[in-house]
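Line by line, the protein sequences are chains F and V.
Just so you know, we're using my numbering here: the first sequence kicks off at 1 and counts up by one.
Just so you know, we're using my numbering here: the second sequence kicks off at 1 and counts up by one.
Hints are computed from structural coordinates only; laboratory data are not their basis.
Just so you know, these numbers come straight off a predicted model, no measurement behind them.
Taking lysine-lysine and the DSSO-like style, the derived pairs with C-alpha atoms no more than 27 angstroms apart in a straight line are: (1) V:K7 with V:K138; (2) V:K131 with V:K7; (3) V:K7 with V:K105; (4) F:K222 with V:K79; (5) F:K90 with F:K155; (6) V:K105 with V:K138; (7) F:K91 with F:K155; (8) V:K105 with V:K131; (9) V:K79 with V:K7; (10) V:K79 with F:K143; (11) F:K222 with V:K138; (12) F:K222 with V:K131; (13) V:K79 with F:K164; (14) V:K79 with V:K131; (15) F:K143 with F:K222.
Simulated restraints on C-beta separations: (16) V:A68 with F:S169: 34 to 44 angstroms; (17) V:Q95 with F:A171: 40 to 50 angstroms; (18) F:S169 with V:R144: 35 to 45 angstroms; (19) V:I72 with F:R200: 25 to 35 angstroms; (20) F:C249 with V:Q95: 48 to 58 angstroms; (21) F:K91 with V:A37: 44 to 54 angstroms; (22) V:G80 with F:G57: 49 to 59 angstroms; (23) F:D202 with V:Q4: 33 to 43 angstroms; (24) V:L148 with F:R200: 20 to 30 angstroms; (25) F:R200 with V:L140: 23 to 33 angstroms.
Glycine is no exception: its CB is placed at the ideal position from the N, C-alpha and C atoms.
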Amino acid sequence: MGALPAIRPMTPRPFRIEAVRPETPNVFTWTLRPTQEGEPLVFQPGQFNMLSIFGVGEVPISVSGDAEQSEILVHTIRSVGTVTQVMETKKAGDIIGVRGPFGNTWPLQAAEDCDVVLAVGGLGLAPMRPTIYHLLHHRERYKRVYLLYGTRTPKDILYPDELKAWSESGALDIRTTVDVGMDGWNGEVGLVTDLISDIRIDPYHSIAMVCGPEIMMHFTAKALFHRRIAPARIFLSMERSMRCGTGWCGHCQLGPTFLCKDGPVYDYPSIQAWLHKREL
Amino acid sequence: MTPQDLKAFLAEHPFFSTLPAEDLAIMSSCAEYASFAVGDILLREGQQATRFYVLREGSVAIDVHHPARGLITLMTVGKGDVVGWSWLLEPYLSQFDARVLRPTKALVFDAVALRASFEQHPALGYAVTRKLLAQVTKRLYAARIQLLDLYGISNNPSSDSPKYQE
Chain F
1 MGALPAIRPM
11 TPRPFRIEAV
21 RPETPNVFTW
31 TLRPTQEGEP
41 LVFQPGQFNM
51 LSIFGVGEVP
61 ISVSGDAEQS
71 EILVHTIRSV
81 GTVTQVMETK
91 KAGDIIGVRG
101 PFGNTWPLQA
111 AEDCDVVLAV
121 GGLGLAPMRP
131 TIYHLLHHRE
141 RYKRVYLLYG
151 TRTPKDILYP
161 DELKAWSESG
171 ALDIRTTVDV
181 GMDGWNGEVG
191 LVTDLISDIR
201 IDPYHSIAMV
211 CGPEIMMHFT
221 AKALFHRRIA
231 PARIFLSMER
241 SMRCGTGWCG
251 HCQLGPTFLC
261 KDGPVYDYPS
271 IQAWLHKREL
Chain V
1 MTPQDLKAFL
11 AEHPFFSTLP
21 AEDLAIMSSC
31 AEYASFAVGD
41 ILLREGQQAT
51 RFYVLREGSV
61 AIDVHHPARG
71 LITLMTVGKG
81 DVVGWSWLLE
91 PYLSQFDARV
101 LRPTKALVFD
111 AVALRASFEQ
121 HPALGYAVTR
131 KLLAQVTKRL
141 YAARIQLLDL
151 YGISNNPSSD
161 SPKYQE
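Pulled out of the complex, with its shape left as it was, chain V reads as follows (with noise of 0.2 angstroms):
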């Protein structure tokens, strides 16, 4: 992907649509286009958290690591997902695996130079934290919907079994 090519491609995608010209130039000049193979490992729980993803296509699965029950995968996200937001966070460290579950193509943003543009460009660094906030306002709303164990809550806990019950 030229350069070009990944200007265009910022500029239309929901996560940056709204940058300006000139923001969006910052940002492609941090960014390169790549392809994962299943199994590749994009972050790891632990690890400096040094760039973050925008995914074009496929499937990454965001994984824990529990020591009885093994890998865990917390959530997966697709095609317009963001991975990756520990690296706007002091102390930097990826908090979860990202593991590829499909063949997958993104945007890979070099996350030390974008915090150094940030800090040269704060309109840029404010919008960017926004659109990022409202990614883990997302996360955070289906993880809280997940508590509620959506497929296992009876109206009737009392009666034998309604229709699809108890």
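Just chain F, with the same shape it has in the complex (with noise of 0.2 angstroms):
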């Protein structure tokens, strides 16, 4: 799970907004392009930025786009907090800066000939996108793909214009599922751990990639065992508040392991000890 270093971890780039998407209320996607030349960013799926407001402030947020186009850079983001609603506000033209890219990728070339369970809940999807541009990239590495996803409500579904052409395309199996549904919505309403059931894998060899609030992985984790997928072979996307991107500031500590540059995507017995200690 090794991954490029960041050139110059510490200084912003600027980077130029080339357009600003509506997702979903209070979640958008910017394209980024570099005003400068100079060295491409070049990420890999797992990886995460740090974006910043000049006089406001950095936040990490996933890469959502595609490693394969690194001329520009795709961020998917939730207008939440100091940082991010002024982010909403920025239009295309308007110039930000860009750290990373940071920490380690999803276990890509360990999945290979391997059966592939992409669970995720929630924004969870967004940092998920890239690893699945990968597996749409490099199908034919894979055996059975599937990505089961869960939101709050339909209205919440991240990219439904992707998920339903990746659908109809064949090259993966989708399930989605919310917590409330509503009028008009036919699909599934329960838990994205009740699809885990239905899946047909082999688990001794497959490789569950999970993304999303822990809570959800938590539990998600278990539906797996049950599924007899061995914990070895359960990677999660751990979140803490990451400041500095180079394990130096110490924020994104989880134990011994320092998310920013260690993680943060861990098997689950390296992370298990540390998920369940409340003081942390």
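Both chains are sitting in their own frames, so use the hints and assemble them into the complex.
Here is the structure:
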């Protein structure tokens, strides 16, 4: 799960917002392009960048675009805090700062020749999208690929057009469920964990990648254990307060590990002892 | 589906598979196999619960009607799941609607006949009640997890935006 290190990791590079796309209420996607000549910002699925609004602040946001399109950067952002609320007001043409990429990556090489289960909750689909693009680009390397996606309501479903296209292509078996169904919704209503019981996998040759709030990952991992997927074959993308991106400041420390540098992707046994520490 | 097919189906179904042959015979005598179209109502809130269903394929929504918000789907169930257990408890009234979302095939049990059979065969009644209790427990577990709002919780509410954010 090694990843490319950031070039000049503490210096933000200016990027121009090329496009702003509203996704769901309070969630939007930026397409960014560097304003200066230089090394492209090459990332791998699972990594994140520190995005800054000059004079306001800086936040860690996972990359949600295609790693094979290195000329642009794509980030999906939820407007919820001081910095991201200002981000939501930015328009195409505005300049923002980018540091990164940081963190490690999903185990895409280890997953080759295996069944792959992507279990995502809420906004977790955004960090998982680069992985989906990779799987689609190299579909022949993988066996069955499931995308299990849970959200609160149908209105919260991210990237609905892409989900439809991926599903219709037959490349992915996509199953979506919501917590609360509404008029016009004829899909599943229930937990993302319920979707796991129905998939056809070879548990001894499967890799599961889970991304979402920690509580969702906790229950999803339990459901995957029931399907006899070994803990070492279950990978979680962890979340803590990331600040420097290089492991110096210690904000994202979880037990002996720094999520921004050693993570955010961990196999379950590596992080298990710290998942259930109430004080952490 | 012939009576023999019904019995064979019950013997293979996880809900019934541990029952002895004589109990399977009693159960199958109270059952019939049926197909349902999209929109069919299997149970209606407040009405007598005279049937219960074991789904073989398809999808069924468990709905509740909210005076202001209309029909709200609480959950969906599918292959292998059971629909309805109010038939086992007085006053035998369905608590929710059950509405077919996708073409569905199911075993339909005559609940009144089943209750009578359970009076005569308490061991069978106990076995089926335990299996239903397992389903109830599973649904209660799911409902409790849903209360946790799995997709909306941040680990760091004080920070501006962790990776997949707040």
